[in-house]
Every structure is written in C-alpha cells, then in structure tokens.
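Number of protein chains: 2
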Amino acid sequence: MEQLIYLLPIAGVVALAYSFVTTGWIGKQDAGNSVMKTIADQISKGAMAFLSAEYKVLAGFVVVVAGLLVVMNTQVEGGSPLIGLAFVTGAAASAFAGYLGMKVATQANVRTAAAARKGLPPALTVAFRGGAVMGMSVVGLALLGLGLLFILFAGQLEVFNDAGGLNDQVGLVKTVNLLAGFSMGASSIALFARVGGGIYTKAADVGADLVGKVEAGIPEDHPLNPATIADNVGDNVGDVAGMGADLFESYVASIVGAMILGAVASNGSLEMVMLPVTIAAIGVIVSVVFTYFVRVKEGGNPQIALDGGSFGAAGIMLALSWFIIDYFVGAAAESGGLTLAGKTLETVDLFVPMAGGLAAGVAIGVVTGYYCSKNKPPVNSIVDQSMTGPATNIIAGISVGFRSTAIPVLIIAAAIFGANHFAGVYGVALAALGMLSTTGIQLAVDAYGPISDNAGGIAEMSGLPPEVRERTDNLDAVGNTTAAIGKGFAIGSAALASLSLFAAYKTMTRANMELTDPEVLIGLLLGAMLPFLFSAMAMQAVGDAAMDMITEVRRQFREIPSLRPALAKVKAAEDEDRALSDEEQAEIMEAAKDTQVERCVAISTQASIKRMVAPGLLALVAPVLIGFWSTAALGGLLAGTLVAGVMLAIFMSNAGGAWDNAKKQVEDQKRDYDASVNTGKGSDRHKASVIGDTVGDPFKDTAGPALNILIKVMTIVAVVIAPFLV
Amino acid sequence: MEQLIYLLPIAGVVALAYSFVTTGWIGKQDAGNSVMKTIADQISKGAMAFLSAEYKVLAGFVVVVAGLLVVMNTQVEGGSPLIGLAFVTGAAASAFAGYLGMKVATQANVRTAAAARKGLPPALTVAFRGGAVMGMSVVGLALLGLGLLFILFAGQLEVFNDAGGLNDQVGLVKTVNLLAGFSMGASSIALFARVGGGIYTKAADVGADLVGKVEAGIPEDHPLNPATIADNVGDNVGDVAGMGADLFESYVASIVGAMILGAVASNGSLEMVMLPVTIAAIGVIVSVVFTYFVRVKEGGNPQIALDGGSFGAAGIMLALSWFIIDYFVGAAAESGGLTLAGKTLETVDLFVPMAGGLAAGVAIGVVTGYYCSKNKPPVNSIVDQSMTGPATNIIAGISVGFRSTAIPVLIIAAAIFGANHFAGVYGVALAALGMLSTTGIQLAVDAYGPISDNAGGIAEMSGLPPEVRERTDNLDAVGNTTAAIGKGFAIGSAALASLSLFAAYKTMTRANMELTDPEVLIGLLLGAMLPFLFSAMAMQAVGDAAMDMITEVRRQFREIPSLRPALAKVKAAEDEDRALSDEEQAEIMEAAKDTQVERCVAISTQASIKRMVAPGLLALVAPVLIGFWSTAALGGLLAGTLVAGVMLAIFMSNAGGAWDNAKKQVEDQKRDYDASVNTGKGSDRHKASVIGDTVGDPFKDTAGPALNILIKVMTIVAVVIAPFLV
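Same order as they appear, the protein sequences are chains A and B.
Counting the first sequence from 1 gives a position; the working numbering is that position plus 126.
Counting the second sequence from 1 gives a position; the working numbering is that position plus 126.
Among the clues, some could well be false.
Since the list can't tell identical chains apart, any single copy or any two copies may satisfy a pair.
Each computed DSSO-like pair below joins lysine-lysine, with the alpha-carbon atoms no more than 27 angstroms apart [what the hints assert, rightly or not]: (1) 502 with 736; (2) 423 with 154; (3) 736 with 719; (4) 813 with 697.
Simulated from the structure, these hints should not be mistaken for lab results.
Quick caveat, the model's predicted, so the values are computed rather than measured.
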C-alpha cells in the first residue's frame with residue numbers, strides 16, 4: 127500500500143513529459159509574418175513582464191508567510207516546520223505552472239493565427255495543444271510536488287522515530303496535515319493571480335474600448351490604439367495564467383482535502399488516504415491519453431473532437447474508479463475494512479459519491495449553459511428588456527443572475543446529501559475529487575479558448591484577411607459546452623472541497639460549533655459579508671485601473687503628432703463604412719509604430735499588482751484574526767463565506783455570461799419585432815446590450831472566478847492554523 | 127406583576143385615540159381647488175381599490191393558513207387552536223393599520239399641497255401629522271391586538287385548569303407561544319404588502335417614465351400621461367401602506383420575540399415576559415407626547431423639529447428604560463432574581479443590551495447615510511464614474527452597495543456580542559426592542575416623506591405655481607437623517623429580532639444544529655439562496671408589470687384621438703424650452719380628461735397582485751418543507767437566509783440610495799471637470815446617472831425592503847411550526 131505513494135510523482139512526470147514534448151512541437155510551427163511576430167513578441171514580453179512583477183511581490187509574501195509558519199510550528203507541540211517547506215513548494219509549483227502555461231499560450235496564439243490562414247483544423251490543433259500544455263503542466267506540477275513532499279514527509283516519520291510510519295494513525299494524520307501547507311501555498315498564489323490577472327485584463331479591456339471605440343471611434347483591437355497590446359496581454363495573464371493558477375488550486379485542494387479527511391475522519395486508514403492519490407494519478411494518465419483523441423479531419427466537426435476528448439476521458443475515468451475503489455476496499459477488508467462513523471464501507475459507498483460529484487458538476491454546467499446561452503429564455507429576457515434601454519437590460523441581467531443560483535445550489539445540496547449518506551464527509555471529499563479527476567484535459571479545452579481569442583486579436587492587428595478572424599472566432603465558439611461545464615466543476619468542486627476541508631477543521635479543532643451560539647452567528651455574519659466586500663474591492667480596482675489606462679491613452683492620442691491624422695482617417699472610413707485603401711492602410715501601420723505600447727502595458731501591470739494586494743490579504747488575514755478570537759466563530763466565518771461566496775460566484779458568473787450572449791444575440795439579428803426598426807448592431811437596443819456586457823465583464827472575469835478561490839483559501843488557512851487554536 | 131398586562135391595550139388605545147383625533151384635524155384642513163380634489167380623489171380611489179383587491183386575495187390566504195393552524199394544533203399535544211385566532215388577529219390588525227395609514231395619507235397629500243401654497247411650516251405640519259396617524263395606528267393596533275390576545279390567553283389558562291396561570295412556567299410559555307401566531311399573521315401580511323406594493327409602485331413609475339418622458343417627451347407627472355395617477359397611487363400603496371405593514375411586523379416581531387425568549391430562555395420568569403411589554407407600552411406614550419413637540423415657527427428649521435421629536439423621544443425612552451428595567455429586576459429579586467444561564471441579572475445587564483441596540487441602530491443609520499449621501503466619497507465615486515457612461519456608473523454603484531455591507535455587519539456583530547455578553551440571547555431580543563421602542567414617532571417621520579412626495583405630484587398635475595412644488599420638494603428633503611436612521615433600525619432590528627426568534631426555535635425544538643452536520647450545511651446553502659431567488663422574482667415582477675403598463679399607455683396614446691395633438695404641443699414646448707400659454711394649458715387640461723386613468727390603475731393593481739403571490743409563498747412554504755424533513759436543516763435554512771438576506775438587503779438599499787443621490791448630485795452641478803463641457807442635467811453623464819437611478823429603483827423600493835421581512839417571516843413560521851417538528 128505504501129508503495130502507491132510513488133504513483134503520484136510518476137504520473138506527474140508523465141504529464142510534464144507530455145507538456146515538454148508538445149511545447150517543442152508548438153515551437154516548431156509557423157509563427158506567421160514579421161508583423162505578427164512583432165505583435166506576438168510584444169504580447170509575450172508584456173505577459174512575462176506582468177508575471178515577473180507579480181511574482182516579485184508574491185515572493186516577498188511567500189517568504190513572510192513561510193517564516194511565520196515555521197516559527198509558529200516550532201512553538202506548538204506536534205507541529206513541524208516542514209509545513210513552511212510545503213507552503214513554499216505549493217506556491218512555487220503554482221507560479222511555475224502559470225509561467226509554463228502562459229509561455230506556451232503566448233507562442234500558440236500567433237501560431238494559431240498563422241495556421242488559421244490555412245483552415246480551421248490546423249488552427250484547432252495548435253490552439254488545443256497549447257491548452258493541453260497548460261493543462262498538463264498544472265496537473266503534472268501538482269502531482270509531482272505533492273508526491274515528492276508526501277514521500278519526504280513519510281520518510282521523516284521514521285527519522286523522527288514515529289515507528290509506525292504511515293501505517294500508524296498519528297503518523298498518517300501528521301503527514302497529510304503537512305500537505306495542507308502545499309495546498310495553502312497553491313491557494314494563496316491562485317488568489318492573487320486571479321485577482322491581479324482579473325484586474326489587469328478588464329482594466330485594459332475597458333480602458334482600450336472606452337477611449338478607442340467610444341471616444342476615438344476606431345475599431346476594437348486596432349493597431350493605432352496603444353492599449354490594444356495591453357488588452358491582449360490581459361487575456362493571457364487573466365484568462366490563461368489566472369485560470370491555470372485557479373485550477374491548480376482547485377485540483378490540489380480537492381486531493382489534499384480528501385487525503386486529510388481520509389486520515390482524520392477514519393481510524394487513520396492508509397487506504398482512505400491512498401485512494402484519492404491513486405485516482406488523481408490515474409486520472410492524469412487518462413487525460414494524457416485522451417489528448418491524442420482530439421483530432422479533426424478537414425471538414426470534420428471540431429466540437430465533437432473536443433467534447434469527445436473531455437467527456438471520453440471523464441467516462442473512462444469513472445469506469446476505472448470503480449476498479450480502483452474496489453481494490454482499496456478489498457485491501458482494507460483484510461485489515462478489518464474501511465470503517466467510517468461505525469459503518470463498514472463497500473465499493474458502492476465510495477463509488478456513488480464520486481459518480482454523484484461528477485454528475486453534479488455536469489448538471490451545474492448544463493444549468494450554467496442554459497442561463498448563459500443565446501436563444502434560451504433567460505438570455506431572451508435580457509434581449510427583450512434591452513428594447514427599453516440599458517436600465518431594463520441591467521435589471522433583467524441581475525434578475526437572471528440571481529435566479530440562476532437556485533438550481534445549482536439544489537444540485538450541490540443533493541450531491542452533499544448523497545455523498546454524506548453513502549460515506550459521510552469523506553464522501554463529500556470524493557465528490558469534489560470526482561469532478562476534478564480529469565482536470566488535465568478539461569483545462570486543455572478551457573485554455574484553448576483564450577488562445578483562439580488572442581489569435582483573433584493578432585489577426586486583426588496585423589491586418590490579416592477577415593476570413594482568418596472568422597476562423598479564430600469559430601474556434602472560440604467551439605468548446606463552449608466544455609467551458610460551461612468547466613465552470614460548473616469550478617463552482618461545484620469549490621463548494622464540496624471547502625466543505626470537506628471545513629469538516630477537517632472541525633475534527634482538528636474539536637470546536638463546538640452550535641449554530642445558535644452567538645460566536646458562530648457573528649462568524650457567519652462576518653463570513654457572509656466578506657465575499658461582498660472582496661467583490662467590491664475587486665470591481666473598484668478594475669474601475670480605478672481602467673481610469674489609469676484611459677488617462678494614458680488619451681495622453682498619447684493628444685501628444686503623439688502622427689496619431690491624430692491617422693485616427694481621423696480610420697474614424698472617417700468607419701463612419702462612411704468603407705474599407706481603407708492599401709496605401710492608407712500602410713500609412714496607418716506606419717503611424718501605429720509611434721504608439722507607446724509598452725507604457726500602457728506598464729501602467730496595467732503596476733495598477734493591477736498594486737490593487738490585488740488588499741483583497742488578497744483580506745482573504746488571508748480574516749480567518750487568522752477571527753480564529754485567534756474563537757474557533758467557533760472561525761467555523762461560522764468559513765460557513766458564511768462558503769454559502770454567500772457560492773451564491774455571489776454563481777450570480778456574477780452567470781449574469782456576466784448572460785449579458786455577453788445577450789449582446790451577441792442582438793448582434794446576430796438584423797431586424798425583428800418591428801420590420802421598420804433596426805434592432806441589431808448599432809441600434810439603441812444594441813447599445814443597451816453593450817452596456818450590460820461591459821457591466822458583466824468584471825463580474826464574470828474578475829470578481830466571480832476569484833470568489834471560488836476565496837472560499838477555499840480561507841478554509842485551507844483555517845486548517846493550517848488549526849493546531850495553534852486548540 | 128400580572129396586572130401590567132393591561133398596560134398594553136391601554137397604551138394601544140392612547141395611540142389610536144391620538145390617530146382618531148388627528149385624522150379628524152386633517153380632514154378639516156383645506157383640500158385645495160377642484161382640480162386638486164379630483165386628482166386626490168383619483169389617487170385615493172386607486173389606492174383603496176388596490177388595497178381591497180389585495181386584501182381579498184390575502185383574506186383567502188389567511189383563512190387557509192388559519193384553518194391549517196387550527197387543525198394541526200388540535201392534533202398535537204399541548205397545542206391550542208387559539209393560535210389560529212392569534213394569526214387572524216395579527217393579519218387583520220396589520221391590514222387595518224395599512225388601511226388607516228393609507229386613508230389618512232391620501233387625505234394629507236392634497237392638503238399638504240394646499241398648505242404649501244401658503245408656506246413651508248403649515249405644509250410640514252399637515253404632512254407630519256399625516257405620518258403621525260400612520261405611526262400611531264401601527265403601534266396602537268399592534269399593542270391593542272397583542273394586549274387583548276395576551277389577556278384572553280392568560281384567562282384561558284385558568285379555564286383549562288392550568289392552575290398556576292402566568293406564574294407557572296408551563297402556562298407562561300404556552301401563552302406567549304400562542305402570541306407567535308399574531309406575529310406570523312402580521313409578518314405574512316407585511317411580506318405580501320411590501321412585495322405587492324413594491325411591484326405596484328415601481329411598475330407604475332418605470333412604465334409612466336418610459337412611455338411619457340422617454341418616448342413621448344413630456345415631463346414627469348404630466349396630466350396627459352394616463353399612468354401618472356397610477357404612479358402616485360403606487361407611492362401610497364408602496365411607500366405608505368407597504369412601509370406601515372413592514373414596521374407593524376418589525377415592531378410586533380421584536381416584542382413577541384423578546385416575550386417568547388423571556389419565557390423559554392429563563393426558568394419561566396414572568397418578569398422577563400412583562401419587561402418588553404412594559405417598555406413597548408411606555409414607548410408608545412412617549413412617542414405620542416413627542417409628536418406635540420414637532421412644531422416649527424415661520425422661518426424656523428423644520429429639520430430640527432423633526433429630528434428633535436424623534437431623537438428626543440428615543441433619548442427619553444432610553445432614560446426611562448433604566449427605571450423600568452430596575453423595577454423589574456427589583457421585583458424579580460424578591461423571588462430569587464432574574465437568572466439566565468446561571469447568572470443573576472442586574473439592571474445594568476439588561477440596560478446595556480437595550481442601549482447597545484439603540485446605538486447600533488443609530489450607527490447603522492449613520493453609515494447608511496454616509497454611503498447614500500450627496501458629496502460623500504461613495505456617491506462621488508459614482509458621479510465620477512458616470513463620466514464614462516452608464517456601464518461604469520452601474521459598476522461603481524454595485525461596488526458601493528457591496529462595500530456598504532461591511533460596517534453595518536460589524537456593528538450588528540458588535541451588538542450581538544455585547545447583548546449576549548450581558549444577558550445572553552434575551553439581551554439580543556432586548557437590543558432589537560431598544561431600536562423599535564419609539565417606532566410610533568419614527569414611523570411618523572418616515573411616512574411624511576411619501577406624503578410630501580405625493581403632494582408634489584398633485585401640485586404638478588394640477589398646475590400649481592412652481593414654488594409650491596419647490597416647497598414640497600424641500601419638505602421631502604427634510605427628515606432624510608431620520609429616514610436613513612429608520613433604514614438602519616429596519617435592518618438592524620430585522621437581524622436581531624430574527625436571531626432571537628431563531629434562539630427560541632432552537633429552545634423549542636431542541637434541535638442539534640452543529641455547523642458541520644450535512645443537514646445543517648444543506649439548509650444553510652438553500653437558505654442563502656432564497657434571498658437571491660426571492661429578489662430575482664420581485665425584480666422580474668417589476669419588469670413584467672411595467673411592460674403591461676407600457677403597453678397600455680402606448681395604446682391610449684395611439685387610440686385616443688385628442689391625445690396626439692396635445693402630446694405634440696407639450697413636446698414642442700419642452701423641446702423649445704418655453705412655457706405654455708394659458709390657452710394652450712387649458713386645451714391640454716381638456717385633452718387630459720380623455721385619458722383612461724382608471725385602466726392604468728387597474729392594470730397596475732392586477733399585475734402587482736398577481737405577481738406578489740409566488741415570492742410570498744416561497745418565503746412561507748420553504749421553512750415548512752425543510753422543517754418537516756429535518757429540524758437541523760431548518761435551523762441552517764434560517765441562518766442562511768438571515769446572513770445572505772441581511773447582506774442583500776443592505777446592498778440593494780444602499781446601492782439604490784447611492785444611485786439616486788448620484789443622479790441628484792449630477793443635476794445639482796451645472797458645470798465641472800471641464801468648463802467647456804456641460805456635465806449637469808441633459809448631459810451624457812446625467813443620462814448615465816439616470817440609468818443608474820432606474821436600476822436602483824426596484825433595488826431599494828421593491829426587493830431590498832422586502833428582504834428584511836423575508837428574514838423574519840421565515841423565522842416566525844419556524845417558531846410556529848416548531849411544536850409539530852419535535
């Protein structure tokens with residue numbers, strides 16, 4: 127049984143090997159003409175500049191927190207300073223995964239654009255493989271890091287004369303608790319990366335649009351707009367690096383949550399700890415294998431290829447899970463069986479929660495899809511209400527978002543009920559793991575979206591023919607099903623993983639958390655407030671950072687002499703709805719060279735890094751402050767943040783998604799309702815729907831996704847500080 | 127001690143006598159010219175038509191629920207069918223208070239307009255006395271109903287051979303538990319009244335504005351707009367009747383909560399039950415006395431008069447509370463003292479929670495004022511962000527609303543902590559009562575706002591000179607401090623009163639509500655979701671009902687022949703920014719007679735009544751369904767709704783208030799930022815701020831205030847059904 131510990135680093139190495147090979151393949155693809163290369167180079171440099179600035183700030187933070195962990199753990203009986211090492215490793219692995227993913231994404235975007243000149247299938251392949259590198263780097267580093275630490279800590283047990291090693295309950299609990307440090311490191315970095323990246327991407331986006339499209343009247347992604355590169359950098363740091371760190375964190379939290387709960391909720395059964403580890407390792411192998419199934423022939427349907435890859439992997443993994451569980455239950459039977467809460471568990475008791483978790487994730491994804499898709503009643507209602515202006519558009523979008531919380535919450539409740547019925551809180555942990563066992567390939571599909579999006583931007587900026595942009599837009603549209611389901615997994619697994627960590631906190635502190643205890647109630651109230659305050663800070667940060675960007679772009683338009691005539695020319699052509707001549711186009715590209723792109727990039731970078739600190743620290747400090755006052759209040763705090771955070775996250779993501787597609791739906795239809803009125807692009811209704819979409823941007827891309835991390839980071843902090851609270 | 131029971135009906139009769147006399151006085155005031163009388167008559171008839179339609183629907187609901195309560199209580203041991211009587215009485219008293227308040231408000235509005243022709247002070251007096259009738263009707267009926275039931279139930283105890291009567295613990299608990307029925311009746315009516323009235327007022331407002339101001343280009347409140355009367359009716363049914371039912375409910379819930387908790391949390395101490403009763407009774411007398419202090423001389427500052435009245439009453443009441451508490455503590459000392467959780471309470475232990483509650487209410491009000499007031503940083507930020515359009519205005523408003531939850535929640539947490547420290551959950555109940563002991567005069571100040579607002583509408587519609595409108599606008603602006611503090615009390619008392627009822631639920635069911643119990647967590651999740659779903663339903667209802675109204679107004683503009691030329695004339699005058707000649711004005715008033723005002727009123731009435739049912743039933747049915755599944759889950763449900771509901775209520779009220787004042791602030795300033803750009807009325811920034819204000823309307827006037835009731839109605843339902851769950 128102990129030997130299974132080596133599965134983790136092995137699976138991690140397999141995934142990383144895949145990443146390495148695929149990165150090489152992508153590097154060999156055609157990177158397009160010199161304009162494309164220049165643009166891609168600017169984006170790549172901007173993205174790396176952001177990462178390095180961000181990591182510098184975070185490095186200081188990591189050192190301080192690691193120091194505190196070491197000092198505190200040498201003070202408390204049974205504590206081990208090794209948790210500091212785990213924390214640093216988790217943070218470093220998360221950061222490195224973000225770095226690898228973004229590195230390849232900024233290579234893949236321009237190569238996708240280049241491939242799109244030839245057709246859809248080659249472009250899909252490049253974009254998907256770019257995403258796959260991201261996915262496999264994330265799961266590979268997670269398993270490698272976790273595996274090496276696990277082996278190290280297990281080895282230490284014998285050194286420290288913990289004779290029983292992993293087969294001894296005390297030793298096992300001690301070992302897996304140290305791994306919480308790894309998870310905390312990953313979560314902290316993810317929180318800052320999500321918030322910082324989210325601020326960057328939306329500040330650049332809003333800033334570029336408001337000055338470029340609205341004030342100067344030039345098209346989106348236009349080379350004359352100095353904020354365009356920053357906007358594209360933003361897509362990478364927000365959507366690629368941010369999402370990577372996010373999923374790294376989710377993945378680690380669900381594995382570590384299941385391990386800790388396996389150890390503390392049982393009589394220290396090694397089987398219960400090794401089961402989630404094994405499932406994660408096998409899931410990675412399955413993911414890698416299935417990336418090779420994502421192929422499409424000329425004229426084939428790429429949607430089927432992508433969905434086939436990710437659903438196929440999930441299906442196979444579910445089937446394999448039965449046998450894995452059966453093996454562990456069988457092995458455990460020899461030593462008296464897996465007992466939890468007085469009941470001897472059978473294979474079905476562990477399989478159902480996992481399958482239920484997977485089903486719940488898919489169901490939430492389907493519901494998410496329903497609320498956010500074009501031509502479904504919720505989006506239709508927003509489109510209808512846009513007829514009477516932006517105010518009714520906004521009210522309708524908020525209504526849809528609020529309402530969309532209901533069914534996902536019922537699904538989560540059902541998953542908790544079922545999982546708990548079969549295997550107690552350990553079942554809840556397995557349900558979270560069930561959703562995330564094939565994260566590798568899911569993330570590949572998720573990450574290829576922003577790569578395609580970026581490819582489109584590069585095509586636009588480098589003046590490629592419109593059919594290239596059309597192809598990249600098509601790529602972006604494909605795989606939306608998987609992306610929606612990815613969202614469902616993100617929300618569902620956040621709720622379930624933090625619930626299982628919450629149960630671990632309870633077991634570790636033995637806090638009496640009766641709901642009517644005033645301390646618990648105070649914690650609940652404060653906890654429910656935090657997601658609101660956190661979201662407000664994140665949105666405010668976007669607004670402030672966008673203002674910085676707007677001021678800079680306005681300055682350049684005003685002060686750079688060559689820009690004014692070029693801008694006037696583009697605007698005139700836009701107003702007259704005519705294409706520019708080649709000569710004019712060349713003049714404009716010449717003027718575009720004078721834009722001070724790097725200043726916009728620098729402003730976005732500084733603004734977002736400065737403003738990510740406060741909301742990030744809020745999440746990390748709040749549980750510590752409350753915890754040292756009262757363990758019961760900290761329990762309340764976690765529960766309050768969990769429930770309010772889940773609601774706000776669903777609300778903000780879905781309202782944002784629905785507004786986005788309502789705008790697209792308005793753009794799709796040239797005329798309706800009344801044949802004499804144009805209700806499509808350019809109409810008042812379209813303007814109203816654009817406003818809704820803009821409001822939705824920081825909802826769905828900054829605050830919403832960060833809330834999923836907020837929930838978990840607070841719980842993992844509570845677990846890590848638990849030994850000092852009792 | 128038992129004799130103090132008679133204080134309640136006596137105080138109730140005093141308040142009602144005040145109402146009766148003042149109503150007579152108002153009736154004798156000048157009701158203006160014939161046009162004004164006609165308009166006032168239309169508003170009054172429309173408002174009464176709504177009430178009677180609403181009460182018809184609610185009567186059916188009340189009969190069904192009362193029947194169920196009677197049947198269920200005859201099935202369970204120790205249950206008494208008298209709870210059905212209590213429920214009906216509570217519902218009837220609430221409905222009657224709404225009726226009385228609205229009757230006098232629709233008389234006072236036109237008389238305020240008439241008085242405003244003479245000057246500000248007489249107008250203030252009429253408007254304030256109108257509000258005072260509302261306030262005293264609410265507290266008078268509450269105490270009379272509660273008092274008579276209490277006497278009746280206490281008398282029944284001896285009939286049923288409960289020999290000890292109120293001095294016996296079992297008898298006391300049984301008696302006060304029956305009073306929960308009264309509170310549930312009041313809460314149910316309040317919920318429907320708030321939701322129905324809130325839908326009505328905003329649907330009419332939005333409908334009238336969109337077709338009148340936006341489409342036809344005629345001013346607000348114009349007589350040619352057939353929806354204008356409905357809009358004014360809406361102010362009465364939403365702001366007056368809705369607010370009255372709301373405060374009736376809050377007031378009753380806090381008194382009954384303290385009584386129940388006094389009985390169940392102690393060893394059945396009669397002193398603890400009679401204390402809140404006595405405080406409420408004395409508070410009413412103090413309120414009545416202080417209404418006579420609200421006087422202003424010509425040239426005096428009405429703000430000082432109003433604030434003096436309500437703060438004076440609160441201050442005196444606080445001082446009196448010390449002596450009242452001291453009396454009860456002294457009386458209890460003879461029979462061994464008031465013991466709670468093993469500690470013998472002294473005067474200070476009960477006084478501090480009450481004073482703390484009052485202080486917390488004021489503090490929340492001050493914070494509310496800060497977030498919603500012109501020229502303070504939050505509203506300034508919205509004004510600034512309006513420069514870049516509606517999208518940034520909306521994002522800024524939502525940020526402000528989210529952020530504004532933080533300090534009030536900290537204050538509520540501090541109040542809970544302090545109250546609990548001194549006197550356990552009974553202290554929490556007293557804290558809620560502390561905020562509401564002078565509800566009578568507070569409501570007087572609150573209710574005079576909509577009366578002044580309506581007076582302004584009547585002045586506009588009946589073509590009175592502009593200075594009359596200015597005076598009524600000034601009236602509306604005065605007393606904002608008190609109104610903000612009223613909001614603070616509403617939110618604070620809702621949280622504290624439902625917490626104390628929650629504690630009563632726990633004691634009654636003896637449910638084990640450990641926070642990590644999956645059933646509790648499922649309850650928490652579902653409970654946190656309900657306020658979101660409820661708000662979505664309420665906002666959606668406003669949108670749908672507004673659409674009905676828009677369709678009808680468009681039809682009238684299209685089909686009534688005389689309206690088209692008149693509308694064209696008004697629009698032309700507006701566009702040219704010139705006043706109409708007397709002749710034109712007369713023509714237009716003639717055409718206005720052809721508008722089918724009553725059809726718009728009927729449409730608003732039907733639409734709002736139809737759409738109030740679903741959200742209302744959601745609140746009432748959810749705790750029953752969950753409760754019969756699991757008492758622990760119901761506990762979680764209540765806690766989840768409480769915390770998420772408090773956040774959403776604060777968010778929606780404050781965002782709405784901040785948007786409203788951001789718009790006003792933009793209108794105040796003709797030019798700023800850049801001398802060459804008009805940034806005031808009519809500018810793009812103004813348009814953006816109007817959109818924010820419109821989004822805020824259903825936030826602050828429909829969903830926000832209803833959430834406060836939602837929280838309490840669910841808790842009181844849980845308390846009432848508690849005996850069947852164990």
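Status of the hints after comparison with the structure:
no.	hint	result
1	502 with 736	between (40 angstroms within a copy, 25 angstroms between copies)
2	423 with 154	within (21 angstroms within a copy, 88 angstroms between copies)
3	736 with 719	neither (29 angstroms within a copy, 63 angstroms between copies)
4	813 with 697	both (19 angstroms within a copy, 25 angstroms between copies)
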